[in-house]
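Listed here are the chains, written in short residue letters.
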Amino acid sequence: MLDRSALHHLSEAAVAIELETPDMTLNIGPQHPSTHGVLRLVAKVDGEKVYDVQPVVGYMHRGYEKISEVRTYPQIITLINRIEWVSGYANEIPFLVATERIMGVEAPPRAQYIRLILTEMTRLSSHLMFMGSYPLELGAATPLMFALRERERVLDLIESVTGGRFHPNFNRIGGVKPVAGAGPSQKKASQDLPAGFLQETRRAMDQVLSTSDEIEDLIAGNEVLLARTKGVGILPAEVALAYGVSGPNLRASGVDFDLRKKADYLPYDELDFETAVTETGDCWDRWWVRLVEIRESAKMIKQAVDQIPSGPLQAKVPRVIKVPKGETYVRAENPKGEMGYHVISEGGQIPYRVKIRSASFNNISILPHILEGILIPDIVAIMGSLDFVLGDVDR
Amino acid sequence: MSDLLANFWILLALKLVAIGALVPVTALVIGYAELKISAHMQSRIGPYFAGGRWGWAQLIADGIKFFQKEDIIPEEADRQVFKWAPALVLLSTVALFVVIPFSPTLIVQDLDLGVFYVLAISSVSTIGVLMAGWSSANKYSLMGGLRAAGQLIAYELPLLLAVVGVIIQAGTMSLVGIVEAQASFEVFGTIAVPYVAVQFVGFLVFMTAALAELNRIPFDLPVAESELVMGFVTEYSGFRFLFFFLGEYANMFSMSAIASTLFLGGYHFPGLNAEIWGPVVLTVKILALAFLMIWFRWTFPRLREDQLQKFAWKWLIPVSLANIAVTGIFKVVM
Amino acid sequence: MTNNPPESIEDIAASVAETVGATRHSSDLGTVKVYIDRVRWREAVTAARDDAGLSFFSWLSAVDWTNDVAVGDPPAEEVEERYEVMCAVSNTTDGQIVILSADLPKDDPVIESISSVYPGANWHERETAEMFEITFAGHPNLVKLYLTSDFVGHPLKKSYGLISREVKPWPGDVDVEDMPDSAASDSPSFENPDA
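Going down the list, the protein sequences come from chains R, L and V. Its first residue numbered 1, the first sequence is counted upward by one per residue in the numbering used here. Its first residue numbered 1001, the second sequence is counted upward by one per residue in the numbering used here. Its first residue numbered 2001, the third sequence is counted upward by one per residue in the numbering used here.
The set of hints was computed from the structure by calculation and includes no laboratory data. It is possible that part of the hints are untrue.
With a Cα cut of at most 30 Å, we get these calculated BS3-like pairs of lysine-lysine [to be verified]:
| id | chain 1 | residue 1 | chain 2 | residue 2 |
| --- | --- | --- | --- | --- |
| 1 | V | 2144 | R | 44 |
| 2 | V | 2157 | R | 325 |
| 3 | R | 261 | R | 316 |
| 4 | R | 261 | R | 299 |
| 5 | R | 44 | L | 1015 |
| 6 | R | 322 | V | 2157 |
| 7 | R | 230 | L | 1314 |
| 8 | R | 44 | V | 2106 |
| 9 | L | 1331 | L | 1314 |
| 10 | R | 49 | L | 1139 |
| 11 | L | 1310 | R | 49 |
| 12 | R | 66 | R | 230 |
| 13 | R | 44 | R | 177 |
| 14 | R | 177 | R | 325 |
| 15 | L | 1083 | L | 1069 |
| 16 | L | 1310 | R | 230 |
| 17 | L | 1331 | R | 49 |
| 18 | L | 1139 | L | 1065 |
| 19 | R | 325 | V | 2106 |
| 20 | R | 49 | R | 262 |
| 21 | V | 2106 | R | 262 |
| 22 | L | 1139 | L | 1083 |
| 23 | L | 1065 | L | 1015 |
| 24 | R | 325 | R | 261 |
| 25 | R | 322 | R | 230 |
| 26 | R | 49 | V | 2144 |
| 27 | R | 177 | R | 299 |
| 28 | R | 262 | R | 177 |
| 29 | R | 177 | R | 66 |
| 30 | L | 1139 | V | 2144 |
| 31 | V | 2157 | R | 66 |
| 32 | R | 230 | L | 1069 |
| 33 | L | 1310 | R | 44 |
| 34 | V | 2144 | V | 2106 |
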């Protein structure tokens, strides 16, 4: 007969033996399918558990701020288009507004409306891309195709106006690009937008709205996806604010902060739209906020198309842009969050300094905080839900 | 002729050739089906040009491409293990084909312990996966291999337990015996019904666990390309990669075949002569199940490791145990 | 700080300046900027967050003010040689953004880190440090962010030249330098006649 206490002792001993398990350092990236480019995460992992993540950025640093000091203002507009290539057009707006503000010109209302429509289309394109790529990162490949199909419609519309899909280069300081051959011979001011554009836009926006329902059906009803995103990667509002996380990521954390309503750079105050805000701040909320924003943007575009005033496209600006001395910071609600330019002009054709505030930079600086004590698959789920673009991080 | 067939060695050689041909063919058929079906689910066209029509030769072309590729073995890899891992995976797949009854006689070898053999052999492929993951000298591969091992332990059990209900009902472990038992199994009146009618829970558990065995979405954690790059196959290239690829799709076929045999009546269909129509009937059933798997793959995201384990241990195993208990009670009472 | 709509931007600037203890303030071109003595930097930023309600950290960067530039145009008028560190913070109620600014002498470019006040400033300070050679005292991990650890130089300093531009003039220069005077007559006008 065995002694009970001896048995107990034995079991205790078995528990007390701890295997030496050295931590593994896992380099996720810079070449990795889920890092959207060349982000590198140095993760300390214990099995599947991650307990420390340090992002390493800079693989794509192109020095835009430095190049901006040797380029003229119109050249910079072309340049900054490439900062965040998924929503290139929207990058230009705050810089343009900043420059125009220093110069004391204002784009005519019609130009502003065209800018607004194109910005919202860019937002649609960016968010639709997210709608597709996020489930893909969680393993579902089909939503991507649905989302890309819709994105194509939007890109086609952008192309029909500007001739470009990703980097339209359509903005001019003081307005937007007039159509080719415009000038003194131009009789009607409405020759700027291609014929039938407004009708086509209305139709496409209805399509986008119905596809957004389709995507919602496809994803929101998917138990596995809900299990992967609900309660994962919760970002409390005060942390998000202190890190400067902006855009849909901030709104998902319950902060009603949308620069379209709170900053003055395009005539958003003439449109009726709602800001999507959710409470929890988990991955699912971040997804949901973007879905709602797709709908709101589509509605905004429809309103803007109805309300677009006629008139000139270009304010009177000199042929060679010379900007007087002055400094201003203008920020805008980009698809990824707050995009802003602090432009310091000392007079002349070249700015003295341009500070580029990009949304993704702040948005991923949250990663070390948010990726602690989770499992490896959640890294992908959380990173994907922040929706960053490496070009926007590295500038 | 019959003398020739009676010779053991000639018959063996014939059977080996048949299986050797069947494995790649099934892999091609299911692989092509996956390409086309997924394309249509995603409003795409899919392969279109290869072969002149509907892109039927796409996968053949892919296969030839793989043979042209350089066979890269990482410097730090454990060479022998690395080389043999894909072979082991394919081997287990081929070995499964041995016991699939396409008709009462069209079977390589009907074993008395057929079910037992299937369950044992099907888990050998996981050892190949673990070997691949371990020998690649790559952290992602290692994690993929370990995930595969964890998955095997978790899902082998419900797979096994789900089959127990069928065995109790049929009273035999021979696959032909199980099909024959279903052919004469009548619940209401005269038409024979397959076991899925009474073992529906078992069928669900079996299919779920089979998906996990096959590393298919939503259980594709060992490859999980967005997390682990390509999991255990990260370092493989050329024909060794092709082996994994073949193994994956041929395994889909064999797993579906086992499921059809156990739950859907195998080669038997009421009113059709099993000797003549058996292979067709079985193939239709297999393709239906394979379609189901493809459908899942293009619908679901993948689970997380802890969710996967929770699902197996907290849901599938208790459910299949309850299923066994209920089946046993009915067997005794009725 | 509650902003009533009628409050002018000048009043906002004055009120923030008072709250954070700024030496002076400006609100030109709609940008509120308050100037802070660098010894009170961290204290002022904390006050901005806690007392002025500017809870949203937007960005932090610097400007190299110098008359002797290697690239670009020098300032129009003589400026005092200094670094200007700027930190933009905003509230979330009406989106008013305030830029806090502090001057650093060139021979002692040190300022207190505010990464304990706004954790988001951590990366911005690292970037500013590597680009301008400014030291943020008390920063937990002041290593290079974008540049490789063996990178020599501080690219955003005005004394840091663009080598490729010196070797080969940028072709776009032509467009900049030749056209100004000839713009009037025969080149197509891009001005809208209705404007």
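Subject >> Indices of hints not satisfied (ascending) >> reply: 5, 8, 12, 13, 17, 20, 21, 25, 32
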